[in-house]
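Participant: Line order of the protein sequences matches chains A and B. Add 1017 to a position in the first sequence, counting from 1, and you land on the number used in the numbering used here. Add 855 to a position in the second sequence, counting from 1, and you land on the number used in the numbering used here.
Bear in mind the hints are in silico, worked out from the structure with no lab data behind them. Hints are supplied without guarantee of correctness; some may be wrong.
As a list, the in silico EDC-like pairs of lysine to aspartate or glutamate whose alpha-carbon atoms are at most 20 Å apart [what the hints assert, rightly or not]:
{"#": "1", "chain 1": "B", "residue 1": "Lys-882", "chain 2": "A", "residue 2": "Glu-1058"}
{"#": "2", "chain 1": "B", "residue 1": "Lys-882", "chain 2": "B", "residue 2": "Glu-947"}
{"#": "3", "chain 1": "A", "residue 1": "Lys-1059", "chain 2": "A", "residue 2": "Glu-1104"}
{"#": "4", "chain 1": "A", "residue 1": "Lys-1041", "chain 2": "A", "residue 2": "Glu-1084"}
{"#": "5", "chain 1": "A", "residue 1": "Lys-1270", "chain 2": "B", "residue 2": "Glu-910"}
{"#": "6", "chain 1": "A", "residue 1": "Lys-1164", "chain 2": "A", "residue 2": "Asp-1192"}
{"#": "7", "chain 1": "B", "residue 1": "Lys-913", "chain 2": "B", "residue 2": "Glu-951"}
{"#": "8", "chain 1": "B", "residue 1": "Lys-996", "chain 2": "A", "residue 2": "Glu-1230"}
{"#": "9", "chain 1": "B", "residue 1": "Lys-913", "chain 2": "A", "residue 2": "Glu-1104"}
{"#": "10", "chain 1": "A", "residue 1": "Lys-1249", "chain 2": "A", "residue 2": "Glu-1058"}
{"#": "11", "chain 1": "A", "residue 1": "Lys-1107", "chain 2": "B", "residue 2": "Asp-905"}
{"#": "12", "chain 1": "A", "residue 1": "Lys-1198", "chain 2": "A", "residue 2": "Asp-1170"}
{"#": "13", "chain 1": "A", "residue 1": "Lys-1210", "chain 2": "B", "residue 2": "Glu-1050"}
{"#": "14", "chain 1": "B", "residue 1": "Lys-919", "chain 2": "B", "residue 2": "Glu-965"}
{"#": "15", "chain 1": "B", "residue 1": "Lys-1058", "chain 2": "B", "residue 2": "Glu-995"}
{"#": "16", "chain 1": "A", "residue 1": "Lys-1059", "chain 2": "B", "residue 2": "Glu-1050"}
{"#": "17", "chain 1": "A", "residue 1": "Lys-1107", "chain 2": "B", "residue 2": "Glu-910"}
{"#": "18", "chain 1": "A", "residue 1": "Lys-1270", "chain 2": "B", "residue 2": "Glu-1021"}
{"#": "19", "chain 1": "A", "residue 1": "Lys-1265", "chain 2": "B", "residue 2": "Glu-997"}
{"#": "20", "chain 1": "A", "residue 1": "Lys-1059", "chain 2": "B", "residue 2": "Glu-997"}
This structure is a prediction, so every number in the text was calculated from the model and none was measured.
Each chain is listed here by its residues.
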Amino acid sequence: MLRPRIIPCLLLQDNGLVKTVNFKNPKYVGDPINAVRIFNEKEVDELAIFDIDATVLNNEPNFSLIERISNQSRMPLCYGGGIKTIEQAKRIFSLGIEKIALSSSVVDNPNLITQIGNQVGSQSVIVVLDVKKKLFGGYEVFTHNGKKATGIDPFKFINNAQNLGAGEIVINSIDRDGLMKGYDLGLIERVRKTTTLPVTVLGGAGSIAHIAEVIEKNGIIGASAGSLFVFKGPYKAVLINYPNSQQKNILYKKVNYENKK
Amino acid sequence: MITIVDYGVGNIKSFVNVYNRLNIPVKIAKNSLDLEDAHKLILPGVGHFDHAMSELIKSGMREKLDELVLIKKIPVMGICVGMQMMGNSSEEGSLEGLKWIDASIKKLDETKINQITRLPHMGWNNVYSTKPHILFEGLEKEALFYFLHSYYFECNNKSNILAKTEYGDSFTCAAFNENIYGIQFHPEKSHNYGEILLNNFSKI
């Protein structure tokens, strides 16, 4: 049977890996190639890598770094950051990346989802939405590392993205980012009710118990985390970690395979 | 040596990386001249069926591939859409397939998938080999592979089925016809299990 996916999310800045809190104060956590090697050994389900500089600085994706990461990786890779054109997307695929994550470019031009999907296959086109809770209820999509408000309702956008042929939705809570106090389960529930596409959730996981909770409530889902898999202990010492197969099997038991309509 | 068919569609690099780690020589073929000395082929593929078929035809390699596979009968393994192209036709598109294995490509039945998340079938799932074969040596029990697809390969001749997976219904995830092998999942991104399978293929 299909397993839920447990996905480390790595942020790239200036050729290094960083981790943020509420999308701010990036802290250097190490070398990306080295991290990929360690995650290989830990046999992770998937790895997500987002370049948080590319869109803000209006840079192209860093193709040579993406290639070096891909050369090391024995697991499926999702890359996001700075992709604006079909040509860029195709070039990233040719480097050995399975999934392309799009955010600000599809918020500006949703039809890009269809255009890229027609070329590389819609199952590989991932829409990432960074969202913030609104003061008086609801949520809003932000781009440019949480700095640019778009006025877009994420649930309406997800609905549209599915119609345009997206293959997966990644929902990232800016409010929970880096706090390690648990996912925004209310947000996740609303996203799940909005779409039949695979959903991956990001923002807030601080323990395996948080991942267990999201799997127990949602069954087949992608549970992604940054801090959880790069920090250890109360002082957040950098130490790459990931559940072993025994721990994962316990998490899989949380899935209710019979009754998930 | 394993020759990887590069017609501009597919994650060629991922296969090169695995075979480099296994110390098995690989060659990338971009045209029919590059295919001259091939004696074992991998046909990758991602994306839309018609896009992959038309790019393969455009590459000018199709005739040579037909000759190598159907007349010289060298081993060939198609991966993901590379597998699907080996069938007759696909519900995803209107172009004809290579017709190397008698199969129709169909969309996974969403109504049978008893959960909120339906398609694409994305993630790690069990692969059950249905008959002993060198390709699945060492993978007979509890092998897990990475899947990313919405269409599957339905063999018209059940004796071509090599392995199955459950997602909603049970579907064929590996098939063969003499020297021709098709794999729906991604061994190139499936850690040790994938390396075992790609290594097994090199020994065929």
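Participant: Hint by hint, work out which the structure violates, then give me just those numbers in ascending order.
Facilitator: 1, 2, 3, 4, 5, 8, 12, 13, 14
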